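J.: Residue numbers (our numbering), protein chains in the order written: chain H, 190 to 447; chain R, -9 to 295.
Hints in this document: simulated from the structure, not taken from any laboratory.
Quick caveat: nothing in here was measured; it's all calculated off a predicted structure.
Hints may be right or wrong, so weigh each one.
To be verified - Using 30 Å as the maximum straight-line C-alpha spacing, the simulated DSBU-like pairs for lysine-lysine come out as follows:
| # | chain 1 | residue 1 | chain 2 | residue 2 |
| --- | --- | --- | --- | --- |
| 1 | R | Lys98 | H | Lys230 |
| 2 | R | Lys164 | H | Lys223 |
| 3 | H | Lys230 | H | Lys361 |
| 4 | H | Lys223 | R | Lys235 |
| 5 | H | Lys345 | R | Lys270 |
| 6 | H | Lys430 | H | Lys361 |
| 7 | H | Lys345 | H | Lys277 |
| 8 | H | Lys194 | R | Lys270 |
| 9 | H | Lys414 | R | Lys85 |
| 10 | R | Lys270 | H | Lys372 |
| 11 | H | Lys223 | R | Lys293 |
| 12 | H | Lys414 | H | Lys429 |
| 13 | H | Lys361 | H | Lys322 |
| 14 | R | Lys270 | H | Lys230 |
| 15 | H | Lys277 | H | Lys322 |
| 16 | R | Lys235 | H | Lys230 |
| 17 | R | Lys164 | H | Lys194 |
| 18 | R | Lys293 | H | Lys194 |
| 19 | H | Lys372 | H | Lys399 |
| 20 | R | Lys164 | H | Lys345 |
| 21 | H | Lys414 | R | Lys164 |
As the list claims (entries may be wrong) - What follows is a list of derived Cβ distance ranges for each label pair:
| # | chain 1 | residue 1 | chain 2 | residue 2 | range |
| --- | --- | --- | --- | --- | --- |
| 22 | R | Leu233 | H | Gly234 | 52 to 60 Å |
| 23 | H | Lys322 | R | Ala141 | 19 to 27 Å |
| 24 | R | Leu233 | H | Leu233 | 21 to 29 Å |
| 25 | H | Val202 | R | Pro4 | 18 to 26 Å |
| 26 | R | Ala141 | H | Gly273 | 33 to 41 Å |
| 27 | R | Val123 | H | Lys414 | 23 to 31 Å |
| 28 | R | Phe46 | H | Leu431 | 40 to 48 Å |
As the list claims (entries may be wrong) - Just a few of them, taken from the derived set where beta-carbon distance is under 8 Å, the chain H residues facing chain R:
| # | residue |
| --- | --- |
| 29 | Val199 |
| 30 | Val213 |
| 31 | His221 |
| 32 | Arg222 |
| 33 | Leu248 |
| 34 | Gly250 |
| 35 | Ser253 |
| 36 | Val254 |
| 37 | Glu271 |
| 38 | Trp272 |
| 39 | Val276 |
| 40 | Asn306 |
Beta carbons are placed, not taken as given, at the ideal position from N, Cα and C, and that holds for glycine.
Okay, here's what each chain looks like letter by letter:
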Amino acid sequence: MGTTKRIGIVIAVLLVFGAIRLPVERSLDEEHRKAFFRGAKLDLGLREQIGQGGFIAALSGFRSVVADLLWIQANTAWQNTEWGRMVKLFDAVTTLQPRVTMFWEMASWHMAWNASNWARDNPKQPSQARRIKAQREYFELGRLYLERGIRNNPDKYVLYDRMGLLLRDKLKDHLGASQAYAKAAEFPDAPGYEKRFAAYELSYVEGREKEAYEMLVKLYHLGEKERLPTLLARIDDLQKKLNIPEEQRIYIPPETNQ
Amino acid sequence: MSASNPATLPIHPPHKAFSPARILAIGANTLLELVRLKVFYFLLIFGLVLIGSSIFMINFSFQEQFQMLKDISLGAMSIFTWLLAVLATAMLLPKDIEDRTLYTILAKPVPRFEYLIGKLLGVLALVLISTLVMAGLFAVVLYARQEIVIAESLAQAGREATPEQVQEIVRGIKASTFTWSLVPAIIAVYLKAALCASLTLLISTFASSWIFTIVTSVAVYFIGNIQSIARDYWLAENGGTALTKVFLALVSLLFPDLQLFNLVDDIVAGNAIATGIFLKTAGLGCVYVVVYLFLAYFVFAKKEL
């Protein structure tokens, strides 16, 4: 049997082997995706963003390395306050590595904190109204990064926590912040403060004071560890707002006591 | 001349059709030959990449530093093991033919499949040693960086930090560094390299030169990484014309799906792989190695040397 004939047989065996492994690989691929593996969408949009070399490297199993190199570029863009370039780089990085929460978190922070502050104080923009508008747009960009991050990482608490922070400190959306913190608190590995923060934020929402008070009381009864100054202050504030009778109040501030 | 007494004749053990000892001897010799080629010098480059990237990233937050250190280290590990597997395997047969070692070995009662298994084992041992050394270096650098960051963070927190806060800081930093899920990622890196070595051995059995073997093997690597895209298009209902479908089917069936072994990218992102899924993936990798080795023997068995 000549070599050519043998190569022909090898190709035939490879095809048969391919047909046998096809259902196995498809089911394994499905299992990988269910476990949040291979979630990156490597399409032509990304090809335009990262160039041909980066795209080939990403396709060849070096997604994380390409993402890091782009992240370093984004860091340089930050030092030069090139916000537009940063957005493009952040989009590429988060497309390549959608499961790294740190990338979403930092992208959001750069937009909602750094870029928004720069826009508010932009010396080249004389109109205050426009500066405030630009600032709000950067807040929104930060929120969008977190929303997309949450969609890609619904099994991790950290981005819900950061969403709570952004809604609380930047967008002053106390209800949204409370909901985000409450969602974060549902995760078994979430820090204990998530529940407290959810209650604090709800206590600022008009019409939800009673519900917030009940949450705070529940936390108060969990023990001394939960009775932090902010929790006590919020309880005191709500007791007054809800006109809770003195004898039913669970906490009376020391100065009122004296 | 007197007839020799059969009782005084040297007794040779009967020749075995399959001898693990012979395979091990060929494997050990192959490993020794490869070590003599000073291939381990690449570990110096790996070490420099590790330490260099660790120093370079000092201006980033500790989460960024650890993320990038893990990404770059495991990415470098992936590149080096793959290159080592392909280059070392591509040279095996041509070098043995050039040195005439192949004829010396095959002139003895050594079956060709034992020769091939031994050769592949030698390369796999080399890749294994390299992977273990790189993983060790990576662990040392990661641990050193972790301890530095912990010391810096505790100094920043000052004496006012409560024991709970200190514990929280240390826990947060340690959670960003070494996790046991990195172990399956490193095993997957090795498996992919083993698969590529076996595939390269198959190509080298009918290749006309080692350059052809390397170029074809690299091309197969790239195609293998996009094989799953071709498969998805082929099996999609609107997968294009009949000709396109045939082309996509050929790509899907002939080439391995190497994306299945790219677990590193997602594991460093914090994904933990379930043992069942990992074992299936590892099992598939082993099947690929065996099938390619069998096919390599099929071509090599009757090859005119």
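J.: Each of the hints needs a verdict: does it hold here or not?
T.: We went through each hint and held it up to the structure:
The suggested pairing of Lys98 of chain R with Lys230 of chain H is violated, with an alpha-carbon distance near 54 Å, which exceeds 30 Å. Between Lys164 of chain R and Lys223 of chain H the CA atoms are separated by roughly 27 Å; this keeps the pair inside 30 Å, and the hint holds. At roughly 34 Å between alpha-carbon atoms, Lys230 of chain H and Lys361 of chain H are farther apart than 30 Å, so this suggested pair is violated. At most 30 Å may separate the alpha-carbon atoms for a hinted pair to count; Lys223 of chain H and Lys235 of chain R meet this at roughly 27 Å.
Of the supplied pair hints, the one linking Lys345 of chain H and Lys270 of chain R holds, its CA atoms being roughly 26 Å apart against a limit of 30 Å. A C-alpha spacing of about 20 Å is found between Lys430 of chain H and Lys361 of chain H, which places the hinted pair at or below 30 Å, so the restraint holds. Restraint check for Lys345 of chain H and Lys277 of chain H: the C-alpha separation of about 25 Å stays at or below 30 Å, so the hint holds. Restraint check: the Cα-Cα separation between Lys194 of chain H and Lys270 of chain R comes to about 34 Å, which exceeds 30 Å; the hinted pair is violated.
Under the criterion of a C-alpha separation no larger than 30 Å, the hint pairing Lys414 of chain H with Lys85 of chain R is inconsistent with the structure, at around 71 Å. Restraint check for Lys270 of chain R and Lys372 of chain H: not satisfied, since their Cα atoms lie roughly 34 Å apart, outside the 30 Å limit. Of the pairs offered as hints, the one joining Lys223 of chain H and Lys293 of chain R is violated, with about 46 Å between alpha carbons and a cut-off of 30 Å exceeded. At roughly 24 Å between alpha-carbon atoms, Lys414 of chain H and Lys429 of chain H fall within 30 Å of each other, so this suggested pair holds.
About 16 Å separates the Cα atoms of Lys361 of chain H and Lys322 of chain H, which keeps this hinted pair within 30 Å; it holds. Under the criterion of a C-alpha separation no larger than 30 Å, the hint pairing Lys270 of chain R with Lys230 of chain H is consistent with the structure, at around 24 Å. At roughly 21 Å between alpha-carbon atoms, Lys277 of chain H and Lys322 of chain H fall within 30 Å of each other, so this suggested pair holds. Distance check on the hinted pair: Lys235 of chain R and Lys230 of chain H sit about 22 Å apart at the alpha-carbon level, within 30 Å; holds.
Only pairs whose Cα atoms come within 30 Å are accepted, and Lys164 of chain R paired with Lys194 of chain H is rejected, the gap being roughly 58 Å. With a CA separation close to 12 Å, the supplied pair Lys293 of chain R and Lys194 of chain H stays within the 30 Å bound. At roughly 20 Å between alpha-carbon atoms, Lys372 of chain H and Lys399 of chain H fall within 30 Å of each other, so this suggested pair holds. With a C-alpha separation of about 17 Å, the suggested pair Lys164 of chain R and Lys345 of chain H falls inside the 30 Å cut-off, and the hint holds.
Under the criterion of a C-alpha separation no larger than 30 Å, the hint pairing Lys414 of chain H with Lys164 of chain R is consistent with the structure, at around 25 Å. Between Leu233 of chain R and Gly234 of chain H, the C-beta spacing of about 27 Å breaks the proposed range 52 to 60 Å. Separation of Lys322 of chain H from Ala141 of chain R is about 45 Å and departs from the stated range, judged on CB atoms against 19 to 27 Å. The given range of 21 to 29 Å is respected by Leu233 of chain R and Leu233 of chain H, whose C-beta atoms sit roughly 22 Å from each other.
Under the hint 18 to 26 Å, the C-beta atoms of Val202 of chain H and Pro4 of chain R, about 33 Å apart, miss the expected range. At about 39 Å, the beta-carbon gap between Ala141 of chain R and Gly273 of chain H stays in the expected band of 33 to 41 Å. Range check, Val123 of chain R to Lys414 of chain H: Cβ separation about 47 Å, and the 23 to 31 Å hint is violated. Between Phe46 of chain R and Leu431 of chain H the Cβ separation comes to about 56 Å, which falls outside the hinted range of 40 to 48 Å.
Interface hint status for Val199 of chain H: upheld, as the beta-carbon distance to the closest one in chain R is roughly 5 Å, under 8 Å. Hint status for Val213 of chain H: holds, given a least beta-carbon distance of 7 Å to chain R, under 8 Å. Evaluation of the His221 of chain H hint against chain R yields a held restraint, the C-beta minimum of about 7 Å falling below 8 Å. Contact between Arg222 of chain H and chain R, as hinted, is not supported at the beta carbon level, the nearest pair being about 10 Å apart and thus beyond 8 Å.
Interface restraint check: Leu248 of chain H against chain R, minimum CB-CB distance 5 Å, threshold 8 Å, status holds. With a cut of 8 Å, the hint placing Gly250 of chain H at the interface with chain R holds, because the nearest CB-to-CB distance is about 4 Å. Evaluation of the Ser253 of chain H hint against chain R yields a held restraint, the C-beta minimum of about 4 Å falling below 8 Å. Look at Val254 of chain H: its Cβ gets to within about 4 Å of chain R, closer than 8 Å, so that hint holds up.
Evaluation of the Glu271 of chain H hint against chain R yields a violated restraint, the C-beta minimum of about 18 Å exceeding 8 Å. The restraint placing Trp272 of chain H at the interface with chain R is violated, with a minimum CB-CB distance near 19 Å, outside the 8 Å limit. The beta carbon of Val276 of chain H is not positioned within 8 Å of any beta carbon in chain R (closest approach about 18 Å), and the interface hint is therefore violated. Hint status for Asn306 of chain H: violated, given a least beta-carbon distance of 18 Å to chain R, over 8 Å.
The earlier numbered hints that this structure contradicts are 1, 3, 8, 9, 10, 11, 17, 22, 23, 25, 27, 28, 32, 37, 38, 39 and 40.
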